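Could you build all of it, start to finish, from the sequences and the hints given here?
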Amino acid sequence: MAGKHTGQGRNMKIAFTADVHLRTAAESIDKYNALKDILQKMIDTEINILVIAGDLFDKQFTSYEEFENFCRGYQNIGIEFHIIPGNHDPGLKSGSFAADNIIVYDKTKLVNFEDSRLPVLFVPYREGKTIGEEIAPCKKNLEPDGWILAAHGDWLGSSIEPNPIEPGTYMPLTKKDLLIYKPARVVLGHIHKPLDTNNLHYSGSPVGLDINETGKRRYLSLDLRNNNLETRTVNTDVLYFNPILHIYPMEIEKTYLEDQISGTIDGWDLTEEEIKKTKIRIKISGYTSDKKALNVVIENSFKKFNNIDTKIDLSGVYLADNYELNEISKKVINHIENLDLDKNLPVKDEIILSALKTIYGG
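Numbered per my numbering, the sequence shown spans residues 1 to 362.
The set of hints was computed from the structure by calculation and includes no laboratory data. Incorrect hints may have been included.
Estimated spans, in silico, between C-beta atoms of each pair [what the hints assert, rightly or not]:
1. D266 / K139: 44 to 52 Å
2. Y256 / L156: 35 to 43 Å
3. D44 / K140: 37 to 45 Å
4. D44 / K182: 45 to 53 Å
5. E273 / I252: 29 to 37 Å
6. E274 / G316: 43 to 51 Å
7. E127 / G73: 17 to 25 Å
8. K175 / N227: 14 to 22 Å
9. L325 / K276: 38 to 46 Å
10. E273 / K140: 48 to 56 Å
11. S94 / T197: 26 to 34 Å
Remember, it's a predicted structure, so these values are computed and weren't measured experimentally. Yeah, the Cβ is synthetic: ideal placement off N, Cα and C, and Gly gets one too.
Below, the structure written as C-alpha cells:
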C-alpha cells in the first residue's frame with residue numbers, strides 16, 4: 001500500500017541531497033553549514049521536504065542526538081527530513097528519532113505526497129540485495145513513467161565512475177530494472193560526485209569530504225506534479241580542485257601551459273568569494289625541457305589562490321632535451337591533435353602522453 005504524506009501547504013517540490021557523512025557537530029561544521037544553506041534555499045523557494053538519499057552519517061557513527069536537535073530547529077516552520085538509510089547507516093530505523101519532522105524509511109515504501117502527481121518509492125540500502133529486488137513487490141502499484149525512485153546504490157547502466165572511497169558494487173540498479181519498472185525519474189545516493197544521465201541523477205555530497213571531491217556542490221529540486229528537475233548550488237565553507245595539467249615539448253611551452261591553466265580556472269566559474277575558500281592540489285604530467293620554468297608558470301598562474309594544498313606535483317614530468325626526439329614528438333603530437341577521435345576512446349591528452357612515453361621512455 002502507498003503511504004500518504006502532506007506537503008504542509010507549500011508547493012509540491014522536494015529537495016534531494018545525499019552522502020553527508022555526519023559525525024559530531026564539532027567534527028562536521030562544514031557539513032552542517034552546507035545543510036543550513038540547503039534548508040535556507042528551500043525556505044526561500046517554499047520547499048519543505050528534504051530527502052537525504054543515504055549515508056547521512058559516517059561509518060560506525062551512531063550518535064544521532066545532535067542531528068535530531070538540528071532538525072527540531074526547523075520543525076516549527078514545517079521542514080521535514082525524509083531519510084533513506086545508506087550502507088553507512090545500518091543502525092538507522094524508523095524509531096531512531098523522536099522528532100515528528102524526521103521520517104526514516106527503513107523499509108521500502110511508496111509515498112504519495114499531497115497534491116502531487118508522482119509518488120516516490122523510497123528504497124533503503126540492503127546489503128546483498130539489488131534495488132530491482134526491492135522494487136519488484138511494489139510493481140502493481142507503480143504506473144509506468146508515473147513514479148519516482150529514491151534509493152542508495154550503484155547505477156550499472158553506464159560508465160559512471162565508481163565511488164573511489166568504497167570499491168565494489170553496492171545495491172546495484174540496472175538498465176533492465178528501468179526497462180521493467182519504468183520510473184519517471186531516479187535520484188540516487190552513494191556516488192559523491194554529481195552525475196546526470198538521462199532521467200537518472202546523483203545529487204552528490206553537499207560538501208566535498210576531501211580534496212578528491214572537487215568542484216561546486218549542489219542539491220536537487222524535483223517538482224512532483226510535472227517531473228521538472230532543477231539543480232541548485234550549495235554555498236559551502238570550502239571548495240576543492242585538483243587539476244591535472246599536461247605539458248609537451250614545444251617552442252611555446254610557457255604559453256601552452258598558461259592557456260591551459262587559464263581555461264581550467266575559467267571552467268571553474270568562481271566568484272571572488274569562492275576563490276578565497278578554494279583549496280587546490282596541482283599535478284602536471286608530460287615532457288619538458290625546463291622543469292623549473294614550469295614551476296614558475298604554475299605559481300604565477302595560480303597566485304590569486306591562497307590555499308595550495310601541497311607542493312606542486314611534478315613527479316609525472318620528464319625532461320625532453322634530445323633534439324631529434326623532440327622533432328619526432330612534435331610531428332606525432334600534431335598528427336594526434338588533428339585526429340577525429342571516437343568519443344569512447346581515451347582523450348587526446350592520454351593518447352599523446354602514451355605516444356611520448358614510447359618516444360622518450362620513462
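Structure-based check of each hint:
| no. | hint | result |
| --- | --- | --- |
| 1 | D266 / K139: 44 to 52 Å | 48 Å, holds |
| 2 | Y256 / L156: 35 to 43 Å | 39 Å, holds |
| 3 | D44 / K140: 37 to 45 Å | 39 Å, holds |
| 4 | D44 / K182: 45 to 53 Å | 34 Å, violated |
| 5 | E273 / I252: 29 to 37 Å | 34 Å, holds |
| 6 | E274 / G316: 43 to 51 Å | 28 Å, violated |
| 7 | E127 / G73: 17 to 25 Å | 33 Å, violated |
| 8 | K175 / N227: 14 to 22 Å | 20 Å, holds |
| 9 | L325 / K276: 38 to 46 Å | 44 Å, holds |
| 10 | E273 / K140: 48 to 56 Å | 52 Å, holds |
| 11 | S94 / T197: 26 to 34 Å | 32 Å, holds |
Hints 4, 6 and 7, counting from the list given before, are not met by this structure.
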